[in-house]
Amino acid sequence: MPLLQVEDLSTYFSTDAGVARAVDGVSFSIEPGETLGIVGESGCGKTVTSLSIMGLIANPPGRIIAGSSIRFRGRELVDLPEKDMRRIRGNRIAMIFQEPMTSLNPVFTIGNQIREALTLHRGIGRSEARRVGIELLREVGIPEPEQRFAEYPHQLSGGMRQRVMIAVALSCEPELLIADEPTTALDVTIQAQILELLADLRGRRGMAVLLITHDLGVVAEVCDRVLVMYAGQIVESGTVDEIFHRARHPYTEGLLESLPKLAAGGRRLHPIEGTVPNPVGWPTGCRFSSRCPYSWDRCEAYVPPLLATEDTNHLSRCWLEDEPERRRTSAGAGSEW
Amino acid sequence: MLALWGALLWIGIARWERVLAAPSGAWDHRVAFATWILAIITLCGGSILQERRIHESRTMKGVGQWSLAWMAFRKSHVAVGAAITVMVFYLAALLTPFLAPFDPAVQGSLITERMLAPSLTHPLGTDQFSRDVLSRVLYGARISLTIGFVAVSISMTIGTVLGAVSGFAGGRLDSLIMRFVDMVISFPRLVLLIAIIAFFEPSIFLIVAVIGLTQWPQPTRLVRGEVLSLREREFIQAGKALGLSKTRLVLRHLIPNTMAPVIVAATLGIGDTIVLEAGLSFLGLGVQPPTASWGTMVADGRDNLLGAWWISTFPGLAIVLVVLSFNLAGDGLRDALDPRLRS
Amino acid sequence: MVIQTEPAPLLSVRNLRKYFPITGGILPRARAFVKAVDGVSFDLHRGETLGLVGESGCGKSTTGKAILRLIEATEGEIYFDGTDVRAMGSSALRRLRRRAQVIFQDPFASLNPRMTVGQMLDEVLKVHKLAGDRSGRRQRIRELLDTVGLLVESEDRYPHEFSGGQRQRIGIARALSVEPDFIVCDEPVSALDVSVQAQVINLLSDLQERLGLTYLFIAHDLAVVEHVSDRVAVMYLGRIVETAPVRSLYTEPKHPYTRALLSAVPRPEPRRDHRHGRIVLEGDVPSPVSPPSGCPFHPRCWHPLKDDACSRVTPPLESVGENHAAACIKLSRDVELPPKTG
Chain A
0 MPLLQVEDLS TYFSTDAGVA RAVDGVSFSI EPGETLGIVG ESGCGKTVTS LSIMGLIANP
60 PGRIIAGSSI RFRGRELVDL PEKDMRRIRG NRIAMIFQEP MTSLNPVFTI GNQIREALTL
120 HRGIGRSEAR RVGIELLREV GIPEPEQRFA EYPHQLSGGM RQRVMIAVAL SCEPELLIAD
180 EPTTALDVTI QAQILELLAD LRGRRGMAVL LITHDLGVVA EVCDRVLVMY AGQIVESGTV
240 DEIFHRARHP YTEGLLESLP KLAAGGRRLH PIEGTVPNPV GWPTGCRFSS RCPYSWDRCE
300 AYVPPLLATE DTNHLSRCWL EDEPERRRTS AGAGSEW
Chain B
0 MLALWGALLW IGIARWERVL AAPSGAWDHR VAFATWILAI ITLCGGSILQ ERRIHESRTM
60 KGVGQWSLAW MAFRKSHVAV GAAITVMVFY LAALLTPFLA PFDPAVQGSL ITERMLAPSL
120 THPLGTDQFS RDVLSRVLYG ARISLTIGFV AVSISMTIGT VLGAVSGFAG GRLDSLIMRF
180 VDMVISFPRL VLLIAIIAFF EPSIFLIVAV IGLTQWPQPT RLVRGEVLSL REREFIQAGK
240 ALGLSKTRLV LRHLIPNTMA PVIVAATLGI GDTIVLEAGL SFLGLGVQPP TASWGTMVAD
300 GRDNLLGAWW ISTFPGLAIV LVVLSFNLAG DGLRDALDPR LRS
Chain C
0 MVIQTEPAPL LSVRNLRKYF PITGGILPRA RAFVKAVDGV SFDLHRGETL GLVGESGCGK
60 STTGKAILRL IEATEGEIYF DGTDVRAMGS SALRRLRRRA QVIFQDPFAS LNPRMTVGQM
120 LDEVLKVHKL AGDRSGRRQR IRELLDTVGL LVESEDRYPH EFSGGQRQRI GIARALSVEP
180 DFIVCDEPVS ALDVSVQAQV INLLSDLQER LGLTYLFIAH DLAVVEHVSD RVAVMYLGRI
240 VETAPVRSLY TEPKHPYTRA LLSAVPRPEP RRDHRHGRIV LEGDVPSPVS PPSGCPFHPR
300 CWHPLKDDAC SRVTPPLESV GENHAAACIK LSRDVELPPK TG
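Chains as they are written, first to last, in numbering that gives the first Met the number 0: chain A, 0 to 336; chain B, 0 to 342; chain C, 0 to 341.
If you're looking for bench data, these hints aren't it; they were derived computationally from the structure. Some hints here could point you the wrong way.
[As the list claims (entries may be wrong)] No more than 30 Å apart at the CA atoms, straight line, and that leaves these computed lysine-lysine pairs for DSS-like:
#1 B/K245 - C/K128
#2 C/K329 - B/K245
#3 C/K329 - C/K305
[Unchecked claim] Quick list of the computed label-pair ranges, beta carbon to beta carbon:
#4 A/K82 - C/V279: 50 to 58 Å
#5 B/L42 - A/V302: 34 to 42 Å
#6 A/V302 - C/G320: 52 to 60 Å
#7 C/T250 - A/S126: 37 to 45 Å
#8 A/H244 - B/G224: 52 to 60 Å
#9 B/L212 - A/K82: 55 to 63 Å
#10 C/S189 - A/H244: 57 to 65 Å
#11 C/E178 - B/M86: 48 to 56 Å
[To be verified] With the C-beta cut set under 8 Å, the calculated list includes, among others, these residues of chain C facing chain A:
#12 E54
#13 S55
#14 S134
#15 L150
#16 G164
#17 Q198
#18 A222
#19 H226
#20 A259
#21 P265
#22 P267
#23 P269
#24 L280
#25 D283
Every residue gets a Cβ at the ideal spot worked out from N, C-alpha and C, and that includes glycine.
Next comes chain A alone, as it looks inside the complex (with noise of 0.2 Å):
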């Protein structure tokens, strides 16, 4: 039994301008101590899933819209009361943000944050809180633990923020922690250190990880399975290797074209045209179909399905896997990959 089953989710928001259909109709699941990164530019839904995950949905103006069913080791989470919602949060799945500054309370110390996540969701004592958190500390890799314990947040620098927000994630020993761009804020060193220490504790705790990101480098090296979204949809999923060396969707395949690589000399760019359009009024059809190179009246006309490929649980929501004679005749760009 998976871990996680996501399954139709759909999570809409009322704006001035009409409903934003900013998840529409996910469905995806976790294994026990599997690593799945969901990736996308901005707009793209992957926040707002994880969000959705965690029942931290504001209503309004956000709904998760009937049919929609998301389960924790068989539980439905959706609608469940919040009282209980709290218990799993706490306590099974964790979350870890983009900004640690924002998610940490600036006027209690650090020891404080941790010893109370430790006491509410292990009903552990003062002291043996303190002796806990301590060790946390010492198991993210924060240097001198007993005296950061009685710091302040913003005493300590981005990368160690952030470990902080990983111990405290970690205090309630977790089965799925979900990482949304937890090294976007940080330099490439800093992010290289959190990256390895995200690695680690998968190895030595077990965990699954569900990581968020824009960032195709840090999924590649990070994850086992990659989702890749747009526009609310899933447009492509399968193995990191099928994503990054056999992608199928020209949009996961545009992300990879207009991606500057190191040491790939000054090969030009080839970016996506136009923009990502707007969440109120997706276009019909494929909403990639504006952008894409290959799209014909097919495209424009019909939604297609997430479609099945060469490689087993690798799909693509494409009509090129239905109609694939037509991948060579109008691939304009990209033909250097």
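Starting from the structure of chain A, add chains B and C where the hints point.
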């Protein structure tokens, strides 16, 4: 809209003698006449424009920040209602010479017309000097609203200029201005007001001047804070890099971007000022009788509150209504102008 | 290679320093200084792109701003086309503003929200008396919009009506309006999504080719810098630690910091053995208020030969190859270094 048309027409018909005499009459009658004409022209113009806009399709013009704010503001019915109330009060204040049924200072017969309950001839009754309360409330509106508007205009102008200079120049000048602000703020304002008014002969001009000249530190701080954060914004840096002069940067780029919070503060400030003026007048330190002011009227009626409740109650209600409207409109404006609350 | 006489550089920076005072207490006197830029020197030739790369707080943006006199340098010399920039009076500075421009990172903060695109460009043209009368300016505005790939209708629109990428194009149009020959690009694509980032990068290189522009390209993204630059300078704690032509810097990095930086970049190529050669640096970047003595990198340095000398001697930028210089006293000796990455 219809009610406004009705009122304007009613003035033209029922008060035609006063209207005709106005252009050559006292200055307040001339002001009222100009307002009346302007209101009619604006209404006609507005209707024509609206007609036109329905016919024209959406133009390619961009939607500016102010239009966006207006669209957001329009959505709050409470704020729009409050803004309309404020406008009605101002219009009534300006048109008072035409609207008021009686002269507010003229005393009627002390025997037959003293402290009459509200009736058709005196819709809000008469006071202990047999003066028509409705007329006095209308004339009082002129005093209160003018004081509020003028005093706040003075303090906001001083505040904006000082704040912008202080924030943009920085250094010594900034320290100097801000220490002066601290000094003024640390002085209990009410004591200062009472002292100054006690020293001089109380008059409307004195009150406006004193309120206006003691209220500027708050907007100074507000504008300075805004300018400090804007100064670091990249568009100011870009302007500098493009060789735009300092004057141009301050006038064209900085100040327009600080206007939103200033307008909110001004709206809320007018309400506060009206209350302050009413309080001073109530204590006998403000507008002197026989000039009608809401504060003095409340004070006049307090001895007869049980026998003739209308004398104090109606000006009191007017104060509450106007101040409440200013506050609600100000809150609405703040919500509409705050880009963080807009998606 | 044929030996040529070097043409004079367009921009020449020598020993540039910028210390920001930290004031506090009752007296307005500096208690300490943030040494944001601490002795930076480089040359930039016409038509060339120099990439200035480093992590946050290394002083790369401050360097760019000091060159344009958006902030005043504390010390050092800046020569633009042979003229001393720091000695310029207001009229000379005004002429500099027509030749040296800047593009900023944040496409939301870099445009005045209360002006339409047309007003913004018109203002600049008017102030510098470019493009003649009203109709001439209008013509020029349309030309500029077309140059950066925006619709002519954009003229009457406000910044908030555009996406991030389009706003960045507006910022570029504004910089181009004075027909400069040098542009400081301060993290111009960091705030943009990958696909849009590529559009803007391509636009910048097309413009360089068409208009013969010279760029100082400031960024933290090593892949982007490699893509656009001819030469690259790596900064750490206010100093340049290594500078080289782009190819040699990326294939043969010499300085231990450059090597660590390059190895830390996550690559979109799963399961290659590059993770093997990754150098994960310990700890954080020290505070620029009290930088370490000697080599600023020594507390985090992984080099096997690191010793006491590193904390005593401030290493100068020394040649380590053709046009390749690095600031490390341990480079002259041959050492077995960890396997190269890439």
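Would you check whether C/P267 satisfies its interface hint, that is, whether its CB is within less than 8 Å of any CB in chain A? holds, 4 Å
Is the hinted pair C/K329 and B/K245 satisfied, with a Cα-Cα distance of at most 30 Å? This hinted pair is violated, its Cα atoms lying about 50 Å apart.
Taking 8 Å as the limit, does the beta-carbon of C/P265 come near enough to a beta-carbon in chain A? holds, 3 Å
C/E54 was flagged as interface toward chain A. Is the shortest Cβ-Cβ separation under 8 Å? This hint holds: C/E54 lies near chain A, its Cβ roughly 4 Å from the closest one there, short of 8 Å.
Mind checking the hinted window 52 to 60 Å against the Cβ distance between A/H244 and B/G224? The hint (52 to 60 Å, Cβ to Cβ) holds, given that A/H244 and B/G224 are roughly 54 Å apart.
Using Cβ atoms only, decide whether C/A259 comes closer than 8 Å to chain A, and label the hint accordingly. holds, 6 Å
Could you check if C/S134 really has its C-beta closer than 8 Å to a C-beta on chain A? Since the shortest Cβ distance to chain A is 32 Å, the answer is violated.
Between C/E178 and B/M86, does the C-beta distance stay in 48 to 56 Å? Given range 48 to 56 Å: holds, Cβ gap about 50 Å.
Proposed interface contact between C/L280 and chain A, which counts if any beta carbon pair is under 8 Å: Given a least distance of 5 Å, the restraint on C/L280 holds.
Could one say that the CB atoms of A/V302 and C/G320 fall in the range 52 to 60 Å? holds, 56 Å
Okay, C/S189 versus A/H244 on CB: inside 57 to 65 Å? 28 Å Cβ-Cβ, so the 57 to 65 Å window is violated.
Is the interface hint for C/Q198 satisfied, with its Cβ closer than 8 Å to some Cβ of chain A? holds, 4 Å
Violated hints, in rising order: 2, 4, 5, 7, 10, 14, 15; the structure is consistent with all others.
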